[in-house]
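Undergrad: Residues per chain, in single letters:
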Amino acid sequence: GAVVSQHPSRVICKSGTSVKIECRSLDFQATTMFWYRQFPKQSLMLMATSNEGSKATYEQGVEKDKFLINHASLTLSTLTVTSAHPEDSSFYICSAPPTNYGYTFGSGTRLTVV
Amino acid sequence: GIQVEQSPPDLILQEGANSTLRCNFSDSVNNLQWFHQNPWGQLINLFYIPSGTKQNGRLSATTVATERYSLLYISSSQTTDSGVYFCAVRVKSGYALNFGKGTSLLVTP
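Same order as they appear, the protein sequences are chains A and B.
Residue numbers for the first sequence follow the working numbering, beginning at 1 and rising by one.
Residue numbers for the second sequence follow the working numbering, beginning at 1001 and rising by one.
Some hints here could point you the wrong way.
In the DSS-like style, the derived pairs of lysine-lysine whose C-alpha atoms are separated by at most 30 Å in a straight line are [said to hold, decoys possible]: (1) K1054/B <-> K64/A; (2) K55/A <-> K14/A; (3) K66/A <-> K55/A; (4) K64/A <-> K1101/B; (5) K64/A <-> K41/A; (6) K41/A <-> K66/A; (7) K20/A <-> K66/A; (8) K41/A <-> K1054/B; (9) K1101/B <-> K1054/B; (10) K64/A <-> K20/A; (11) K1054/B <-> K1092/B; (12) K55/A <-> K1092/B; (13) K1101/B <-> K41/A; (14) K20/A <-> K41/A; (15) K66/A <-> K14/A; (16) K64/A <-> K14/A; (17) K55/A <-> K20/A; (18) K66/A <-> K1092/B; (19) K1092/B <-> K14/A; (20) K20/A <-> K1054/B; (21) K14/A <-> K41/A; (22) K1054/B <-> K66/A.
In silico negatives: residues of chain B with every beta carbon more than 10 Å from chain A [claimed, not checked]: (23) L1013; (24) Q1014; (25) N1018; (26) D1027; (27) G1041; (28) N1045; (29) S1051; (30) T1066; (31) Q1078; (32) N1098; (33) G1100; (34) S1104.
Label-pair ranges, simulated between beta-carbon atoms [as the list claims (entries may be wrong)]: (35) L74/A <-> I1044/B: 22 to 32 Å; (36) S54/A <-> T1079/B: 42 to 52 Å; (37) V114/A <-> P1039/B: 43 to 53 Å; (38) S9/A <-> Y1048/B: 25 to 35 Å; (39) K41/A <-> T1108/B: 18 to 28 Å; (40) Q1014/B <-> T82/A: 25 to 35 Å.
Treat the hints as calculated values from the structure; they're not laboratory data.
Even glycine gets a Cβ: it sits at the ideal position worked out from N, Cα and C.
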C-alpha cells in the first residue's frame, strides 16, 4: 500500500521551455504532497508543499513563478518548471505525508536542461 | 529549523564488514526517520525511530532522544547496501522532512 507514482523519470529539455512533472498517489488519497529538489551529491531540500483545493506553500527562496505547483485532485500533484535554465537541472522528488506505511516517495525525476 | 548533521559523509567498506552511521540533531524531535537512497535515486524507508531501538534484518537503529542523536548499524554489509543513507526529522510546522546531508556508502566485493 501507499504507492506514489512519479513521471517522467528522466527528461532533457531545451533552455527556455517548460517541463511538467506528475506525482500520483495510486492507492490512497493525498490532500498534501511535498516537493523536494536534490542537486548532485547533496541532500534533499524541501521546495514547496501542494495542497488540494488551495494554493501551494513555498519555502523561502523558491520562486513561485518558476516552479508552478498544482494539486488538481486528491490523487494528483504536479510541478511545472517554467522557462527552464541549466541551473534548474536537478533531481526532483515528491513525497506524500506519512501513512501507516511511513513516508512514501516518488521515484524521482532527473531534469537536465541544455 | 532543526539542524541535522550526519557522519561520516563517506564510507567505503568491504563486503561483510559492519558499520555505524551517526545522526545528530539540534533540538528535541518527536519524529526521526532513516532512509536509504539507492543509486537510481529511489528513497526507501528504513526506520521510523523517535526513540529506542529497532531491528530489521541486518539493519538496526537506536535513537537517544535526550542526547539528540541516532545511530544506524549495518552488519555483514553487502554490495546492495551501497547508496546514500539519510537521517531526517519532521519540521515542527507540519509533516515535511528536514534531511541531513547523508552518508554515502560504497560496499566493495
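Undergrad: All the hints need checking, so say for each whether the structure fits it.
TA: Verification of the hints:
Restraint check: the Cα-Cα separation between K1054/B and K64/A comes to about 40 Å, which exceeds 30 Å; the hinted pair is violated. A distance of roughly 28 Å separates the Cα atoms of K55/A and K14/A; the hinted pair therefore holds under the 30 Å criterion. Restraint check for K66/A and K55/A: the C-alpha separation of about 15 Å stays at or below 30 Å, so the hint holds. Using a Cα cut-off of 30 Å, the hinted pair K64/A and K1101/B holds, with the two alpha carbons roughly 25 Å apart.
Restraint check for K64/A and K41/A: the C-alpha separation of about 25 Å stays at or below 30 Å, so the hint holds. Proximity of K41/A to K66/A is assessed by CA-CA distance (about 24 Å); at most 30 Å being required, the pair is judged to hold. Proposed proximity of K20/A and K66/A is supported: the alpha carbons are some 12 Å apart, at most 30 Å. Between K41/A and K1054/B, the direct Cα distance comes to roughly 28 Å. Compliance with the 30 Å bound is thereby established for this hinted pair.
A distance of roughly 23 Å separates the Cα atoms of K1101/B and K1054/B; the hinted pair therefore holds under the 30 Å criterion. At most 30 Å may separate the alpha-carbon atoms for a hinted pair to count; K64/A and K20/A meet this at roughly 15 Å. A C-alpha spacing of about 24 Å is found between K1054/B and K1092/B, which places the hinted pair at or below 30 Å, so the restraint holds. A threshold of 30 Å between alpha carbons decides the hint, and for K55/A with K1092/B the separation of about 20 Å falls inside it, so the pair holds.
Using a Cα cut-off of 30 Å, the hinted pair K1101/B and K41/A holds, with the two alpha carbons roughly 9 Å apart. Proximity of K20/A to K41/A is assessed by CA-CA distance (about 24 Å); at most 30 Å being required, the pair is judged to hold. Simply put, K66/A and K14/A have alpha-carbon atoms about 15 Å apart, close enough for the 30 Å limit, and the pair holds. About 21 Å separates the Cα atoms of K64/A and K14/A, which keeps this hinted pair within 30 Å; it holds.
Pair hint K55/A plus K20/A holds up; C-alpha atoms about 18 Å apart against a cutoff of 30 Å. With a C-alpha separation of about 27 Å, the suggested pairing of K66/A with K1092/B holds against the 30 Å cut-off. This hinted pair does not check out: K1092/B and K14/A have alpha carbons roughly 39 Å apart, beyond 30 Å. At roughly 39 Å between alpha-carbon atoms, K20/A and K1054/B are farther apart than 30 Å, so this suggested pair is violated.
Note on K14/A and K41/A: the hinted pairing holds, with a Cα-Cα distance of about 24 Å set against a maximum of 30 Å. For the suggested pair K1054/B and K66/A, the alpha carbons sit about 42 Å apart, so the restraint of at most 30 Å is broken. Against chain A, the non-interface label of L1013/B holds: every CB pair exceeds 10 Å, the least being about 19 Å. Every beta carbon of chain A lies more than 10 Å from that of Q1014/B, the smallest distance being close to 23 Å; the non-interface claim holds.
N1018/B, annotated as away from the interface, keeps every beta carbon of chain A farther than 10 Å; the closest lies near 25 Å. Chain A leaves D1027/B outside its interface by the beta-carbon criterion, the shortest separation being 17 Å against a cut-off of 10 Å. Annotated as non-interface, G1041/B brings its C-beta within 10 Å of a C-beta of chain A; the closest such distance is 4 Å. Distance to chain A contradicts N1045/B as a non-interface residue, since its nearest Cβ pair spans about 4 Å, not more than 10 Å.
The claim that S1051/B is not at the interface with chain A holds, since no C-beta of that chain comes within 10 Å of its own (minimum 16 Å). At roughly 24 Å from the closest C-beta of chain A, the C-beta of T1066/B stays outside 10 Å, upholding its exclusion from the interface. The Cβ of Q1078/B sits about 22 Å from the closest Cβ of chain A, beyond the 10 Å cut-off, so the non-interface label holds. Distance check for N1098/B against chain A: the nearest CB is about 7 Å away, which does not clear 10 Å, and the non-interface claim fails.
Not every C-beta of chain A lies more than 10 Å from that of G1100/B, the closest at about 6 Å, which undercuts listing it as non-interface. Against the 10 Å criterion, S1104/B falls within the reach of chain A, whose nearest CB is about 8 Å from its own CB. A C-beta distance of roughly 25 Å is found between L74/A and I1044/B, which places it inside the suggested range of 22 to 32 Å. In this structure the supplied range 42 to 52 Å holds for S54/A paired with T1079/B, their Cβ-Cβ distance being about 46 Å.
The hint said 43 to 53 Å for the Cβ distance between V114/A and P1039/B, and at roughly 23 Å that hint is violated. Between S9/A and Y1048/B the CB atoms are about 27 Å apart, so this pair conforms to the stated range of 25 to 35 Å. For the pair K41/A and T1108/B, the beta carbons lie near 19 Å from each other, so the given range of 18 to 28 Å is met. At about 47 Å, the CB distance of Q1014/B to T82/A disagrees with the hint of 25 to 35 Å.
Violation of the numbered hints given earlier is confined to hints 1, 19, 20, 22, 27, 28, 32, 33, 34, 37 and 40; the remaining hints are satisfied by the structure.
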